[in-house]
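With the hints in hand, could you dock these two chains into one complex?
Protein chains in written order, with our numbering: chain A, 1 to 816; chain B, 1 to 112.
Treat the hints as calculated values from the structure; they're not laboratory data.
All C-beta atoms in this analysis are idealised placements derived from N, C-alpha and C, irrespective of residue type, glycine included.
Don't take each hint at face value.
Stretch-level coverage of chain A by chain B, calculated; a stretch enters the list once three of its residues show a Cβ under 8 Å from a Cβ in chain B [stated by the list, open to error]:
(1) 18-24
(2) 28-42
(3) 720-732
The following label-pair restraints were derived from C-beta to C-beta distances [as the list claims (entries may be wrong)]:
(4) A:Gly-721 / B:Phe-82: 23 to 31 Å
(5) A:Val-6 / B:Lys-68: 35 to 43 Å
(6) B:Phe-82 / A:Glu-810: 31 to 39 Å
(7) A:Tyr-650 / B:Phe-82: 50 to 58 Å
Negatives, chain B to chain A, calculated, CB over 12 Å [claimed, not checked]:
(8) Asn-2
(9) Leu-9
(10) Lys-38
(11) Lys-111
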Amino acid sequence: MAILLVLLLIFSYVSMNFNVLNPANGAYQTIGYANYTSGNFNVPGLYANVEVEMDNSGLGHIYAKNDHDLFLAQGYFMASNRLFQMEVQALAASGNLSSWIGQSGIPSDQAMRLIGLPEQATMLMNSYEKNYPNYYKDVVAFSQGVNDFINTSKVPLNFKLLGVQPFYWSPFYTLVWEEYMTWMLTTGAYDPLESALFFNTCGYANTTLIWPYYPYFTENITMVPGDGTVNGYNLTDQGISQNYLWSLNWYDQWATGINTTLLKNLTPLIKYAINNISDPLILPEPRFLENSIGSNSWIVTSNYSSSGYPMLANDPHLNLFAPSVWIPMQLSDPDFNVTGWALAGIPGILIGHTNRTAWGLTTPEGNSANEYLEILNGNNYLFDGSWQRMIVLNYTLLGKTYSIYYTNNGPLIAKYGNYGISLNWVASKPGYILIAELKLDQSQNYSDMLDALKYWSYPPQNFALVSLHSAGYITAGLYPLINETLPDGQHAQVIGSRSLLNGSMPEYQYSGYVPYKYLPQDKNPARGYMFAPNQPTVGKNYPFPFIGGFWASGGRAESINAFLKNHPGMSIENMIQLQSNVSDYWASMLNPYIINAIKGMYMNETEKTAFNYLQEWNDTAYVSSIGITIYWYTISEIYNLSINRILNIYGLGGIQEPFESTIIYILQHNQSSPWLNGNFTNLARESFSDAIGFLYSKLGSNVSSWFWGRVHMVEISSILGIPALSIGPIPFYGDDHTVSVGAVPFNIQIPEPNVTVSSSLREIAIPGNGTFLGVFPGGPSENVLSYYFSNQLPYWLDHKYYNMNKWTSEVNWTYE
Amino acid sequence: MNKIIYIALSIILAYIFIFMLPFAWSAIFAAVPLLVLKPKNSSITGFLIGFIAPLSIYIIYPINYVLKLSNIVGNIVGLPVFIIVIIFPLMYGIIMAISAAIWSGLYDKIKK
Numbered sequence: 001m002a003i004l005l006v007l008l009l010i011f012s013y014v015s016m017n018f019n020v021l022n023p024a025n026g027a028y029q030t031i032g033y034a035n036y037t038s039g040n041f042n043v044p045g046l047y048a049n050v051e052v053e054m055d056n057s058g059l060g061h062i063y064a065k066n067d068h069d070l071f072l073a074q075g076y077f078m079a080s081n082r083l084f085q086m087e088v089q090a091l092a093a094s095g096n097l098s099s100w101i102g103q104s105g106i107p108s109d110q111a112m113r114l115i116g117l118p119e120q121a122t123m124l125m126n127s128y129e130k131n132y133p134n135y136y137k138d139v140v141a142f143s144q145g146v147n148d149f150i151n152t153s154k155v156p157l158n159f160k161l162l163g164v165q166p167f168y169w170s171p172f173y174t175l176v177w178e179e180y181m182t183w184m185l186t187t188g189a190y191d192p193l194e195s196a197l198f199f200n201t202c203g204y205a206n207t208t209l210i211w212p213y214y215p216y217f218t219e220n221i222t223m224v225p226g227d228g229t230v231n232g233y234n235l236t237d238q239g240i241s242q243n244y245l246w247s248l249n250w251y252d253q254w255a256t257g258i259n260t261t262l263l264k265n266l267t268p269l270i271k272y273a274i275n276n277i278s279d280p281l282i283l284p285e286p287r288f289l290e291n292s293i294g295s296n297s298w299i300v301t302s303n304y305s306s307s308g309y310p311m312l313a314n315d316p317h318l319n320l321f322a323p324s325v326w327i328p329m330q331l332s333d334p335d336f337n338v339t340g341w342a343l344a345g346i347p348g349i350l351i352g353h354t355n356r357t358a359w360g361l362t363t364p365e366g367n368s369a370n371e372y373l374e375i376l377n378g379n380n381y382l383f384d385g386s387w388q389r390m391i392v393l394n395y396t397l398l399g400k401t402y403s404i405y406y407t408n409n410g411p412l413i414a415k416y417g418n419y420g421i422s423l424n425w426v427a428s429k430p431g432y433i434l435i436a437e438l439k440l441d442q443s444q445n446y447s448d449m450l451d452a453l454k455y456w457s458y459p460p461q462n463f464a465l466v467s468l469h470s471a472g473y474i475t476a477g478l479y480p481l482i483n484e485t486l487p488d489g490q491h492a493q494v495i496g497s498r499s500l501l502n503g504s505m506p507e508y509q510y511s512g513y514v515p516y517k518y519l520p521q522d523k524n525p526a527r528g529y530m531f532a533p534n535q536p537t538v539g540k541n542y543p544f545p546f547i548g549g550f551w552a553s554g555g556r557a558e559s560i561n562a563f564l565k566n567h568p569g570m571s572i573e574n575m576i577q578l579q580s581n582v583s584d585y586w587a588s589m590l591n592p593y594i595i596n597a598i599k600g601m602y603m604n605e606t607e608k609t610a611f612n613y614l615q616e617w618n619d620t621a622y623v624s625s626i627g628i629t630i631y632w633y634t635i636s637e638i639y640n641l642s643i644n645r646i647l648n649i650y651g652l653g654g655i656q657e658p659f660e661s662t663i664i665y666i667l668q669h670n671q672s673s674p675w676l677n678g679n680f681t682n683l684a685r686e687s688f689s690d691a692i693g694f695l696y697s698k699l700g701s702n703v704s705s706w707f708w709g710r711v712h713m714v715e716i717s718s719i720l721g722i723p724a725l726s727i728g729p730i731p732f733y734g735d736d737h738t739v740s741v742g743a744v745p746f747n748i749q750i751p752e753p754n755v756t757v758s759s760s761l762r763e764i765a766i767p768g769n770g771t772f773l774g775v776f777p778g779g780p781s782e783n784v785l786s787y788y789f790s791n792q793l794p795y796w797l798d799h800k801y802y803n804m805n806k807w808t809s810e811v812n813w814t815y816e
Numbered sequence: 001m002n003k004i005i006y007i008a009l010s011i012i013l014a015y016i017f018i019f020m021l022p023f024a025w026s027a028i029f030a031a032v033p034l035l036v037l038k039p040k041n042s043s044i045t046g047f048l049i050g051f052i053a054p055l056s057i058y059i060i061y062p063i064n065y066v067l068k069l070s071n072i073v074g075n076i077v078g079l080p081v082f083i084i085v086i087i088f089p090l091m092y093g094i095i096m097a098i099s100a101a102i103w104s105g106l107y108d109k110i111k112k
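So here's chain B without its partners, still in its complex pose (with noise of 0.2 Å):
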């Protein structure tokens, strides 16, 4: 149960920090509740949660205006639309899921 909590709390912070801050290296502060997992499934959650709030967060926007900004985006950086779409979801799940992998070791080195 205790888990859980921290898990919904990590997903709080992830929506918070990607609503407050434009950086992607937020997801590491995101990530600070999942130390109670094992690294491993720490490392697993934090990725998912990285990555699906910041995608799931495309919902507010009409899909038509999402493509056409990806597009032009694309456009720019010579990128194609899947990739401009995914590659910050993308970005925010690996760093959370590395961080969450840190912040659950160095909390097991502490309670050894």
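In isolation and in its complexed conformation, chain A is listed as follows (with noise of 0.2 Å):
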């Protein structure tokens, strides 16, 4: 008897761990929910009925009857689609990961109290209840909604799982999620301490040399068409010689306050600064002077479109998850019809369109953070000449209590002696976003929409825009001014800076914003079209200078500019045709140096093969391209015998490489440059048989066998880094510098790392005449076993789009 009870002990303690595993009403319990059926549900705290349809792309449509029903019902759906979605990022966002995770959420949940994100949102919320309490009843309605499926006990096969039970949701939520957004498409935030840090090491004339103010060839391919003169003000109405201004060290002690002997002795604090607001979930590797994430759109006028009426084109780039952090969806009442893509999380459409206008989003790349570096005594810091006290915020985690030390530039995110380093974001002061996206998403006309985006604060954001006549850009949001001096005497308010800025002394502070008027922006542009894929929104005669311009290397842009020069009378099949492109304009500037190089050399038989594709390659990465692998292997190579080495030597390994427009900027001036090891020629040889070399060890001796596809793919990774909840890895065309990215780093190996960031939708629109065209790689179901959860990845992998504007409903719902 004794043996049996202690069996049955273990055997009940044992069996402990398979609860998930019970068929009634553990995991399998979920299957129940993976296929939608029509019907009726009871949602309490609705006026009147709503009808929900879902079309045969995934597309939620929700018709209501009044603007509270609205948001309560787009709660509920976005619920009943995405809870273990919303819940996870709403706690990531917030910095309690670690309730859900364990020890292993600590870094993270650290890193975003540091940041400051459950402070803000927290203020954002008392903010818009007491400022906007027409908007925070909206959040109220949604959170209601979300409360409401919460309430059905349908526990979602995620939280199953993971053997946690969902929580009730609150505005809190929708605005620290918002934050969390708002932080990731933030720049500035790390580029100061990532360039002060190449600058320490590597020297003012070899920082310019690699990391220009403007990247190479950029000059002529910004957003705004012309000089950088906005709403007819530029740099020269001040006074000021662009010329001059660009010339300068903006480096040096007289634009940062603080001497380049004492910067260089800061560098381990530097360092310590990116290590501490890097959060380990998204970013593996402490973030140097990344571009991955970035996006594309395009608008072309009525003049130079062959419908007559304007059109709008945008991928944002963004890590793919698996669900996307978008869900497609239509919100329908008397105030609203808008279709597009929402946040899960938040409610509203974010990118899409009404019958009469269209928007999308990418990235500008200017700051809107900055680093101060702060000189501490104990408790206190030093400002204008007297000690002040810092505050101290107190937070615990399973547990153990943490401290946010707050000077009046922002949280100390790294301490060191008697010196510290401050953030100062934006986003520390509310701003209310949710209130431009609404007010978009009734927008009926290019003037409603440039309205709407007086309120959107942070992150800024290249919008473009189109309506039934109009199309342009504007880079909303705020950017802060520093008033500098420049070594002449002049005054100049500068965005951003190259490296940390002196905390102590006033001058430094931020003197307030860009004023909206002069905002980067331009509507119907003679030439007929404006894109922004990253590149410098401006030219240097701005009368901002961004100074803390950290842009992408215009390869995107380049081609399509290239493209939509070319295409007079574009057609909407030209626009998929340019959100398809997989050139590589970079590839097609440098590779001919890299032939040129290796043309004379000796080459064994596969180095002959290799070389004739090499030659005939017409710099497209499709998935069945030869040429572009031993191209991409040749130039990682290049990077890894030069620069890669140089890097290393300094102390600088695993930072960012520089672009290869750069490589190409030193070619074209000195093929003996130190950063090319002396000898471009020699270089690219020696690459090129290492490349070659290590291709047919790892594809084998038939190099028509070496497809980009073989080596090249997209995974879309569960929000739970699971690789069983995960898409793919999936053979994937594109690289970084193609239209239709497929973003990997400089490698040698077998495969390349899964391409994790790429067009987390497309969109295209003519509100003219009614077109809107979309696809994302996903569905707008979580549950991996339902046909919702990736019904539109083989149209997104192939390039095709749904009509937005018509479609056939498959599924109906009452909410009631």
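Structural data, given as structure tokens:
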């Protein structure tokens, strides 16, 4: 009997690990939620019935009779499809992930608390409630809808797998997630730290050579056509010579208030700061000059369009997750009729269209956050010659208490001895981007959109805008200005910095923001088109110079510019063609140098065959392309043998490699540059031999089988990072600089690291004739068993689109 | 006849507990009616009820979904699909078998 009792205890204890496999109420129960069937649902709190349809693309159409019901139904619909995603995101953003996943969540929670997301969301929530109660009511209704679903006790699969229960939603979680997305898209938070590191170790001459203020070849392909004049105002009007301003050393003491010798001694502190604000769940390595998140958009004016109506295309590049951060929806009531993509957890539609307008977003890459060097004495910091007391905020994670110290500039993100670094981010003050979003969702013309974007505070974004007859751009958002005294005594109000700023000197504090009227913008440009794939937004004569502008290389911008320039009378087919373009612009410039360098070398048979492929390659990166494979591994080895080797010597291993455009610039001016090992011909030959030898050893001797798709794949990772819940790897096209992007780092490995950042959605819109096309890599549901988990993926992979204005209904629900 | 009623009662309890509680140790209580059987028979009957009752529940789901989900869970925990499908019924059966034997043994002692 005793033995039986012991056995019973053992088996009972062990069985606790398998509760999730209970066929009746464990994970298998969620099979019942995988298929959608029409019917009626009781949704408490509605004033009237709401009709909901799911169309054949998985887009949810919500028809309500008032705003309260519309947002309540949106909350219910989102939760019924994405509750786990919403809650895990909200926990991560609020610095409380450890409550679900334990100790492994602590570093992420600390980073989020240090940046201040939970405090900012609380402040924002209170501000909405007090100052914008009508909009706050919409968020409250949305939250009620989420909680109505939670009360149905239909616990989604991932909760069961993780062994946790849903928590009730509130406006705080919506706003903290909004803050998190803002942080992810904020530029300038890391960049001044990273460029200061580069300056400290490589010196000014090398820094301006490798990381010029404007990336090479981009001065004439800015978002706003022209020299930087906006609404008739420019730098020259202020009596400042742009040539003089851009020739200055913006790392120097006059620009930052910090002696460069002291700055060099701060290198360990700077590295420490980068580590502290890097979320290890999103960025496994500390984030150096990273540039993987970008986006494409362009507009075509009515004069340049074959239809006679303005057109827009947008594809934001984000980390691809299963499920996507987006969920496609239509919201319709007497005040709204908007269709597009909502962010899971946030009411409204962020990217989309009404019947008369459409808009899209890309990231402009100019500083909206800066870091300050603080001089400390105990719990005091120096400001304007006197010691001030730091504010201390305590918080507890898993029973352990942590502290955050604040100066007048913001939270102290790193501290060593008598020095600290604080983060000054515009989001530390309330900004009402939700109002901007909901006003966009109601816009009827171009002016409505411009008025809506006056509420857009952060992160600054390039908004591509089209209405029935107008098209243009505005980079909306708050760009903090610093009033710099130039070495010649003139004053210039500039955006951002290249390095740390002296936090103890009042002259380096923010002196205001770029006025809305002079934000980078243009409408119906004479040349017929504009584009904004993360290249510099304005020319060097812009009245508020982007000193802290850490732009993308401009490869995609060059491709888009070339295509649009050569296609007057753009058609919808041309728009699709451009969005699916896989030509690498930098390769088209760099490959001839490589071919020229290696053509005279002795080659074995495999090298000869590979060389022929490289010569015949048309710079495209299709899955079936072979030339791209040979080019990519050769250029990777060029980086390995030269630039990366040098960076390693400087202790900057792992830093983002300089752009190919920089290599091209150096090749055009000095092929004996130390950055090219003193002799590019030798470097290219050695790299080519190494690359072919490596490919031979891994892919075999048949060069005709070295397809890009064998080594280059996309993975859409589960939000929990669990491979079984992820999609892929799938052979994938594109590279870093193709419009249809498939970015991977330069690596000599087979296969390359999976592509994890790409087009998170694709949108093409012509409001004038009611054409709205869209697709995204996933589906509305987070249930891996559901058809709607990834129903749009095949179309996305093939660059096909759904007509968002014409659909057949697949499922009908009534919320009552 | 009485024994069949107790067995039926045990089957009903097993289903109720499986649907109401996620825990396999709820089989301890589902085994109570089997105390009227001899310990050996009680144990065998308990195992059969405990194994078959949860296993039979899979028939309410489409088999392809059961296999797909089992495959996912199997990938996460590193076990084959077959093991994933039968492990809960097996645990339930074993716990019920041991419990039935204990209840039956206790009942015998009380009777004596």
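Each hint tested on the structure:
Counting residues of the stretch 18-24 of chain A whose CB lies closer than 8 Å to any CB of chain B gives 7, which reaches the minimum of 3, so the coverage claim holds. Coverage of the stretch 28-42 of chain A by chain B holds in this model, with 5 residues showing a Cβ closer than 8 Å to a Cβ of that chain against a need of three. Chain B is given as covering the stretch 720-732 of chain A, and this holds because 4 residues of the stretch bring a CB closer than 8 Å to a CB of that chain, at least three being needed. For the pair A:Gly-721 and B:Phe-82, the beta carbons lie near 26 Å from each other, so the given range of 23 to 31 Å is met.
Checked against the hint of 35 to 43 Å, the C-beta distance between A:Val-6 and B:Lys-68 comes to roughly 38 Å, which is consistent with it. Roughly 35 Å separates the CB atoms of B:Phe-82 and A:Glu-810, a value that falls within the hinted 31 to 39 Å. Evaluation of the 50 to 58 Å hint for A:Tyr-650 and B:Phe-82 yields a pass: the beta carbon distance comes to about 55 Å. Distance check on B:Asn-2: its Cβ is at least 25 Å (rounded) from any Cβ of chain A, clearing the 12 Å threshold; non-interface status holds.
With a least CB separation of 19 Å from chain A, B:Leu-9 remains clear of the 12 Å interface cut-off, as annotated. Residue placement check: B:Lys-38 keeps its beta carbon more than 12 Å from all beta carbons of chain A (closest about 15 Å). For B:Lys-111, the requirement that its beta carbon stay farther than 12 Å from each beta carbon of chain A is met, with the minimum near 15 Å.
Consistency with the previously given hints is maintained throughout, with no hint failing.
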